[in-house]
Amino acid sequence: HSFTINSIVKSNKLIRYNNIKPLKALTTSSINNKSIEDITKLLKEISDIITSTGINAGTKRTIQVVKAISTITKEFINKPQSYYNNNNTISIPITLRRLFEELGATYVKLGQFIASSPTLFPSEYVLEFQSCLDKAPVIPYYEIKKIIQQELTTSKSTIGSVFSYIDPEPLASASIAQVH
2 HSFTINSIVK
12 SNKLIRYNNI
22 KPLKALTTSS
32 INNKSIEDIT
42 KLLKEISDII
52 TSTGINAGTK
62 RTIQVVKAIS
72 TITKEFINKP
82 QSYYNNNNTI
92 SIPITLRRLF
102 EELGATYVKL
112 GQFIASSPTL
122 FPSEYVLEFQ
132 SCLDKAPVIP
142 YYEIKKIIQQ
152 ELTTSKSTIG
162 SVFSYIDPEP
172 LASASIAQVH
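For the sequence shown, the working numbering gives the first residue as 2, with consecutive numbering after it.
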């Protein structure tokens, strides 16, 4: 699937796509001094974290985030309607949930917190993140097998000497574990 920009209406700051309702664009008028202060504080905090954890950890995490965003972008380009809500507008809760799933267990746990906190988060977020409670993405068996082999290497064992059979299809998948 591909879509083209039908028109950009500068006076209303709207972008229109084929069969998609208009979205308001971010404008400089929507950013105030408080926002700039918050962004500055956030950047300082990020800098402090990178400094305290080391540049390698920060670089590795940055690569993971870029990869996750790239995956979500490819999905959106190939199947844009899967990111739209019933009002035919881009759903931020759907997009965030998919991003959390791509970023891994810690973020899926955060998604579970969102799903379990209807008094703290808007209902559309709580409903969307429900899938983090019981529908965690499955890790492919070849990755699981590689991890098992690495763990058994330290004890000089092989998969065949320890397990008679491992079903490649998981019985269950959760945020921090998968049962085979």
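No wet-lab data here; the hints were simulated from the structure.
Possibly wrong hints are sitting among the right ones.
Said to hold, decoys possible - Here are the simulated DSBU-like cross-link-like pairs (lysine-lysine), alpha carbons at most 30 Å apart as the crow flies:
| id | residue 1 | residue 2 |
| --- | --- | --- |
| 1 | LYS42 | LYS146 |
| 2 | LYS80 | LYS45 |
| 3 | LYS136 | LYS61 |
| 4 | LYS110 | LYS146 |
| 5 | LYS157 | LYS75 |
| 6 | LYS80 | LYS157 |
| 7 | LYS157 | LYS146 |
| 8 | LYS68 | LYS45 |
| 9 | LYS147 | LYS157 |
| 10 | LYS68 | LYS136 |
| 11 | LYS157 | LYS110 |
| 12 | LYS75 | LYS110 |
| 13 | LYS42 | LYS110 |
| 14 | LYS80 | LYS61 |
| 15 | LYS45 | LYS61 |
| 16 | LYS110 | LYS80 |
| 17 | LYS68 | LYS42 |
| 18 | LYS68 | LYS146 |
| 19 | LYS61 | LYS75 |
| 20 | LYS136 | LYS147 |
| 21 | LYS68 | LYS157 |
| 22 | LYS136 | LYS157 |
| 23 | LYS75 | LYS136 |
| 24 | LYS42 | LYS80 |
| 25 | LYS146 | LYS136 |
So, going through the hints one by one against the coordinates:
Of the supplied pair hints, the one linking LYS42 and LYS146 is violated, its CA atoms being roughly 43 Å apart against a limit of 30 Å. Simply put, LYS80 and LYS45 have alpha-carbon atoms about 37 Å apart, too far for the 30 Å limit, and the pair is violated. Restraint check for LYS136 and LYS61: the C-alpha separation of about 27 Å stays at or below 30 Å, so the hint holds. As the CA atoms of LYS110 and LYS146 are separated by approximately 24 Å, the hinted pair is consistent with the 30 Å bound.
For the proposed pair LYS157 and LYS75, the alpha carbon gap of about 41 Å is over 30 Å, so the pair is violated. Proposed proximity of LYS80 and LYS157 is contradicted: the alpha carbons are some 46 Å apart, above 30 Å. For the hint pairing LYS157 with LYS146, the CA-to-CA distance comes to about 16 Å; that is within 30 Å, so the pair holds. Our distance criterion of 30 Å between C-alpha atoms is met by LYS68 and LYS45, whose separation comes to about 24 Å.
The suggested pairing of LYS147 with LYS157 holds, with an alpha-carbon distance near 15 Å, which does not exceed 30 Å. The straight-line distance between the Cα atoms of LYS68 and LYS136 is roughly 22 Å, inside the 30 Å bound, and the hint therefore holds. For the hint pairing LYS157 with LYS110, the CA-to-CA distance comes to about 34 Å; that exceeds 30 Å, so the pair is violated. Restraint check: the Cα-Cα separation between LYS75 and LYS110 comes to about 24 Å, which is no more than 30 Å; the hinted pair holds.
For the given pair, LYS42 sits about 26 Å from LYS110 by alpha-carbon distance, which is consistent with the 30 Å threshold. The suggested pairing of LYS80 with LYS61 holds, with an alpha-carbon distance near 29 Å, which does not exceed 30 Å. Between LYS45 and LYS61 the CA atoms are separated by roughly 19 Å; this keeps the pair inside 30 Å, and the hint holds. A distance of roughly 26 Å separates the Cα atoms of LYS110 and LYS80; the hinted pair therefore holds under the 30 Å criterion.
As the CA atoms of LYS68 and LYS42 are separated by approximately 26 Å, the hinted pair is consistent with the 30 Å bound. At most 30 Å may separate the alpha-carbon atoms for a hinted pair to count; LYS68 and LYS146 meet this at roughly 23 Å. This hinted pair checks out: LYS61 and LYS75 have alpha carbons roughly 21 Å apart, not beyond 30 Å. Distance hint between LYS136 and LYS147 is fulfilled; the C-alpha atoms sit about 23 Å from each other, no more than 30 Å.
A hinted pair counts as satisfied when its Cα atoms are at most 30 Å apart, and LYS68 with LYS157 does not qualify at roughly 34 Å. At most 30 Å may separate the alpha-carbon atoms for a hinted pair to count; LYS136 and LYS157 exceed this at roughly 35 Å. Distance hint between LYS75 and LYS136 is fulfilled; the C-alpha atoms sit about 22 Å from each other, no more than 30 Å. The hinted pair formed by LYS42 and LYS80 fails the criterion: a straight-line CA distance of about 36 Å is larger than 30 Å.
Pair hint LYS146 plus LYS136 holds up; C-alpha atoms about 21 Å apart against a cutoff of 30 Å.
In this structure, the hints that do not hold are numbers 1, 2, 5, 6, 11, 21, 22, 24, in rising order.
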